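*Asks:* If you want the building blocks of each chain, they are given just below.
Protein chains: 2
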Amino acid sequence: MEKKKRNVIVGQSGGPTAAINSSLAGVFRTAIDRGYKTVYGMLHGVQGLLEGRYIDLSEHIQSGLDAELLKRTPSAYLGTCRYKLPTINENKEVYEKIFKILDDLQVDCFIYIGGNDSMDTIKKLSDYAIISGSDIRFVGCPKTIDNDLALTDHTPGYGSAAKYIGTSVKEIIRDGWSLETKHGQILIIEIMGRNAGWLTGASVLAKGEDCDGPDAIYLPELPFDIPTFVAKAKELLKKKASVVIAVSEGIHTADGKYICEMDEYSDYVDAFGHKQLTGTARYLCNVLSKEIGCKTRAIELSTLQRSASHCASRIDILEAYEVGGAAMKAADEGDSGKMVVIKRLSDDPYQAGTEVKDVHKIANDERLVPREWITPDGTYVTNEFITYVRPLIQGDVAPIMVDGIPRHLYRKGYQDLL
Amino acid sequence: MEKKKRNVIVGQSGGPTAAINSSLAGVFRTAIDRGYKTVYGMLHGVQGLLEGRYIDLSEHIQSGLDAELLKRTPSAYLGTCRYKLPTINENKEVYEKIFKILDDLQVDCFIYIGGNDSMDTIKKLSDYAIISGSDIRFVGCPKTIDNDLALTDHTPGYGSAAKYIGTSVKEIIRDGWSLETKHGQILIIEIMGRNAGWLTGASVLAKGEDCDGPDAIYLPELPFDIPTFVAKAKELLKKKASVVIAVSEGIHTADGKYICEMDEYSDYVDAFGHKQLTGTARYLCNVLSKEIGCKTRAIELSTLQRSASHCASRIDILEAYEVGGAAMKAADEGDSGKMVVIKRLSDDPYQAGTEVKDVHKIANDERLVPREWITPDGTYVTNEFITYVRPLIQGDVAPIMVDGIPRHLYRKGYQDLL
Numbered sequence: 001m002e003k004k005k006r007n008v009i010v011g012q013s014g015g016p017t018a019a020i021n022s023s024l025a026g027v028f029r030t031a032i033d034r035g036y037k038t039v040y041g042m043l044h045g046v047q048g049l050l051e052g053r054y055i056d057l058s059e060h061i062q063s064g065l066d067a068e069l070l071k072r073t074p075s076a077y078l079g080t081c082r083y084k085l086p087t088i089n090e091n092k093e094v095y096e097k098i099f100k101i102l103d104d105l106q107v108d109c110f111i112y113i114g115g116n117d118s119m120d121t122i123k124k125l126s127d128y129a130i131i132s133g134s135d136i137r138f139v140g141c142p143k144t145i146d147n148d149l150a151l152t153d154h155t156p157g158y159g160s161a162a163k164y165i166g167t168s169v170k171e172i173i174r175d176g177w178s179l180e181t182k183h184g185q186i187l188i189i190e191i192m193g194r195n196a197g198w199l200t201g202a203s204v205l206a207k208g209e210d211c212d213g214p215d216a217i218y219l220p221e222l223p224f225d226i227p228t229f230v231a232k233a234k235e236l237l238k239k240k241a242s243v244v245i246a247v248s249e250g251i252h253t254a255d256g257k258y259i260c261e262m263d264e265y266s267d268y269v270d271a272f273g274h275k276q277l278t279g280t281a282r283y284l285c286n287v288l289s290k291e292i293g294c295k296t297r298a299i300e301l302s303t304l305q306r307s308a309s310h311c312a313s314r315i316d317i318l319e320a321y322e323v324g325g326a327a328m329k330a331a332d333e334g335d336s337g338k339m340v341v342i343k344r345l346s347d348d349p350y351q352a353g354t355e356v357k358d359v360h361k362i363a364n365d366e367r368l369v370p371r372e373w374i375t376p377d378g379t380y381v382t383n384e385f386i387t388y389v390r391p392l393i394q395g396d397v398a399p400i401m402v403d404g405i406p407r408h409l410y411r412k413g414y415q416d417l418l
Numbered sequence: 419m420e421k422k423k424r425n426v427i428v429g430q431s432g433g434p435t436a437a438i439n440s441s442l443a444g445v446f447r448t449a450i451d452r453g454y455k456t457v458y459g460m461l462h463g464v465q466g467l468l469e470g471r472y473i474d475l476s477e478h479i480q481s482g483l484d485a486e487l488l489k490r491t492p493s494a495y496l497g498t499c500r501y502k503l504p505t506i507n508e509n510k511e512v513y514e515k516i517f518k519i520l521d522d523l524q525v526d527c528f529i530y531i532g533g534n535d536s537m538d539t540i541k542k543l544s545d546y547a548i549i550s551g552s553d554i555r556f557v558g559c560p561k562t563i564d565n566d567l568a569l570t571d572h573t574p575g576y577g578s579a580a581k582y583i584g585t586s587v588k589e590i591i592r593d594g595w596s597l598e599t600k601h602g603q604i605l606i607i608e609i610m611g612r613n614a615g616w617l618t619g620a621s622v623l624a625k626g627e628d629c630d631g632p633d634a635i636y637l638p639e640l641p642f643d644i645p646t647f648v649a650k651a652k653e654l655l656k657k658k659a660s661v662v663i664a665v666s667e668g669i670h671t672a673d674g675k676y677i678c679e680m681d682e683y684s685d686y687v688d689a690f691g692h693k694q695l696t697g698t699a700r701y702l703c704n705v706l707s708k709e710i711g712c713k714t715r716a717i718e719l720s721t722l723q724r725s726a727s728h729c730a731s732r733i734d735i736l737e738a739y740e741v742g743g744a745a746m747k748a749a750d751e752g753d754s755g756k757m758v759v760i761k762r763l764s765d766d767p768y769q770a771g772t773e774v775k776d777v778h779k780i781a782n783d784e785r786l787v788p789r790e791w792i793t794p795d796g797t798y799v800t801n802e803f804i805t806y807v808r809p810l811i812q813g814d815v816a817p818i819m820v821d822g823i824p825r826h827l828y829r830k831g832y833q834d835l836l
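Residue numbers (our numbering), protein chains in the order written: chain A, 1 to 418; chain B, 419 to 836.
Rather than coming from a laboratory, the hints here were simulated on the basis of the structure. None of these values were measured; they are calculated from a predicted model. Be a bit skeptical, because a hint or two may be false.
If you anchor each label on the Cβ, the simulated ranges turn out as follows [to be verified]:
#, chain 1, residue 1, chain 2, residue 2, range
1, A, D255, B, E508, 50 to 60 Å
2, A, K412, B, G813, 27 to 37 Å
3, B, K652, A, I292, 39 to 49 Å
4, B, D766, A, K182, 45 to 55 Å
5, B, E469, A, V230, 26 to 36 Å
6, A, D347, B, P645, 51 to 61 Å
Think about it this way: if two alpha-carbon atoms lie no more than 27 Å apart in a straight line, the pair counts; the simulated DSS-like pairs of lysine-lysine are [said to hold, decoys possible]:
#, chain 1, residue 1, chain 2, residue 2
7, A, K84, B, K600
8, B, K455, A, K412
9, A, K240, B, K502
10, B, K423, A, K92
11, A, K182, B, K510
12, A, K239, B, K830
13, A, K232, B, K830
14, B, K830, A, K240
15, B, K675, A, K412
16, B, K830, B, K455
17, A, K290, A, K234
18, B, K675, A, K290
19, B, K830, A, K182
To give an idea of the interface, some chain A residues facing chain B are shown, with a C-beta separation under 8 Å as derived from the structure [unchecked claim]:
#, residue
20, P74
21, L179
22, G184
23, L205
24, K240
25, I299
26, T303
27, R306
28, S309
29, H310
30, S346
31, D348
32, N383
33, G404
34, Y410
35, Q415
Here a beta-carbon is modelled for each residue, glycine too, at the ideal position from N, C-alpha and C.
Please model the entire structure based on the sequences and the hints provided.
*Replies:* Given below as structure tokens:
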């Protein structure tokens with residue numbers, strides 16, 4: 001006789017995206033469809049779970065409309081954390097505590113939606129389950145705008161961020177030239193990505209029959225040399241009234257120094273020591289202003305690029321939903337220590353499906369933009385890059401507008417200090 | 419016998435918006451419908467006209483689809499300028515030159531789409547027409563995201579910027595709390611507006627059943643006091659994990675010093691002496707970081723807020739089109755030295771129409787947010803403000819998507835150095 005199904009718990013971890021809640025909706029739907037009783041949502045990931053903070057998702061997703069709102073709600077509905085589990089040797093008590101909570105909640109399946117650090121959590125918890133003889137299954141659901149997870153063709157969240165970046169960069173380019181005729185100006189757009197240039201490369205999507213696209217693109221995969229950059233900017237300024245350059249926040253010199261750290265008055269470390277890689281564009285604008293004497297403007301896409309649900313990619317939101325469902329299905333069917341990946345079957349027409357991979361081969365690895373997808377001189381991405389990213393931004397998800405503004409799914413007490 | 423209709427010339431001036439091209443489409447359509455032969459577009463406004471730079475718009479708007487694309491194209495299709503005409507006494511030759519060009523082009527009507535400076539141009543040119551006995555009519559079409567023109571209920575361009583600001587601030591708020599539980603952080607969002615707080619006030623649109631909205635809003639209409647601001651921020655941080663504060667780039671102390679000028683390492687003046695009022699949020703984040711010791715992040719909406727056509731308001735785009743048509747109609751029917759204004763007939767249901775006003779009563783005047791629409795303590799806007807702005811962001815204009823990115827109307831050579 002098959003064992004009676006009990007409960008599921010799902011959490012979100014790491015940086016928010018425009019698609020992470022669509023995966024949450026997918027997990028919830030598949031869990032209910034497969035006969036689980038209660039789907040718990042941990043608040044602020046494992047960190048919140050350790051403090052006994054969780055909700056019953058069925059009290060929040062009460063209708064099909066709620067599910068549609070959730071898919072269109074940016075950031076993490078449950079809240080996330082950046083908590084890194086200690087190793088079992090370092091602190092066994094943490095594991096015992098988590099498993100006690102899960103047992104008390106009669107949980108069979110634990111789904112964690114996140115990036116590299118989150119997959120490390122899945123790896124450690126599934127290892128502990130084996131050691132301790134628990135039959136709880138731990139499955140990861142990929143999520144990160146950075147698109148840097150190993151073994152998956154791409155990660156949910158990346159497509160929507162890429163669509164927002166392409167759209168916004170195109171509008172910034174248009175804005176830039178309208179006031180300029182003679183003097184010339186250089187706009188530098190700073191885009192997220194500490195080590196991987198997937199997001200910055202997506203600025204190329206602004207390019208098309210009606211727009212030149214950015215004039216140069218600098219990814220963090222290659223060392224950044226300021227004199228070469230200044231020379232390139234000078235050259236571009238000879239040809240155009242308004243030059244637009246996209247740079248990754250993570251660009252650094254050959255010896256590993258971040259450009260944003262070069263500003264001696266940099267405020268990138270705050271009182272708590274939180275490092276923000278911001279100020280790269282501003283620093284480079286100051287350099288160009290001094291070296292070339294041209295008008296400059298620094299534009300940071302900031303957190304907008306990861307939370308702009310109003311400009312989400314339909315492919316991305318649908319895939320995020322599917323991947324959530326596939327993670328739940330895998331856990332239900334007995335998989336543990338696994339992550340769902342997206343496998344691309346074809347570029348044109350775009351076709352993709354999901355597979356399940358061993359999380360030990362994924363956690364703490366980082367997938368960068370291949371060198372051959374960056375031009376030899378390191379100032380642009382190639383057509384291969386465009387072929388890769390283009391399918392991921394197709395289609396729109398119309399926001400549900402209420403009084404002129406997109407409606408999100410509300411969660412009471414979301415801002416409470418705890 | 420009625421005089422045979424000849425040609426029209428239209429220009430765009432000042433800061434770009436998401437709606438200025440819809441007005442251009444309106445002028446073009448009404449001019450053609452009313453039997454004008456050629457509709458010229460001056461490139462980069464009067465400045466370009468003085469250099470003999472103009473195009474025949476019918477070569478660019480060749481179909482209904484082109485007109486729809488133009489309405490969805492942000493920034494200024496023709497390019498703009500910040501050229502201020504000298505007075506007739508200062509430099510009569512400039513006027514003679516302009517009128518010579520207009521006469522050579524057989525122009526009857528001159529439509530200028532712009533803000534305060536542009537209305538000054540209409541005033542001076544229409545005055546010169548009277549003095550010199552020219553029968554060319556000069557009519558202004560309002561445009562500015564700043565919403566600071568006198569005598570009109572609001573200006574085209576404002577509604578779309580307000581919708582973008584409300585939408586983006588809401589997404590930033592969601593993003594902000596997802597990672598925060600205990601320590602607390604303060605996000606400061608910097609919004610355009612040197613003297614008028616209409617745009618910054620629009621951040622209140624993020625507020626609704628599903629979102630608290632910004633926790634404080636500071637407009638440039640009132641003097642800004644840093645110690646009071648720090649105290650307010652401290653108080654907010656006691657209640658919430660993630661505090662979001664919207665500030666205008668133009669906030670300044672009681673003695674008129676801009677906050678962004680206080681940063682001694684400020685880079686807000688570039689090599690050409692172009693002043694950019696940026697760095698306000700960054701400066702205040704540094705202050706809070708030092709005074710409170712909390713995590714902070716500065717977010718500038720930058721030029722995105724004025725050029726985000728992908729998030730345009732339908733009311734705004736339609737009104738911009740109508741106002742363009744009304745300006746052309748007024749000029750055709752003999753008006754000169756006038757500007758079209760929008761007159762609100764009712765808030766709910768929203769109804770508005772156009773009227774024609776004497777440009778002498780508009781130019782160089784500035785309409786600010788009324789004191790009674792700001793709360794007594796100066797840290798928020800009132801319900802009257804919301805009632806005013808809410809109708810202006812209603813409805814969407816679906817971008818025409820090509821390969822996942824909004825398509826704009828292309829103009830060859832737009833970036834040429836001339």
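*Asks:* Compare the structure with the hints numbered earlier in the document and write down the numbers of the violated ones, lowest to highest.
*Replies:* 8, 10, 15, 30, 31, 32
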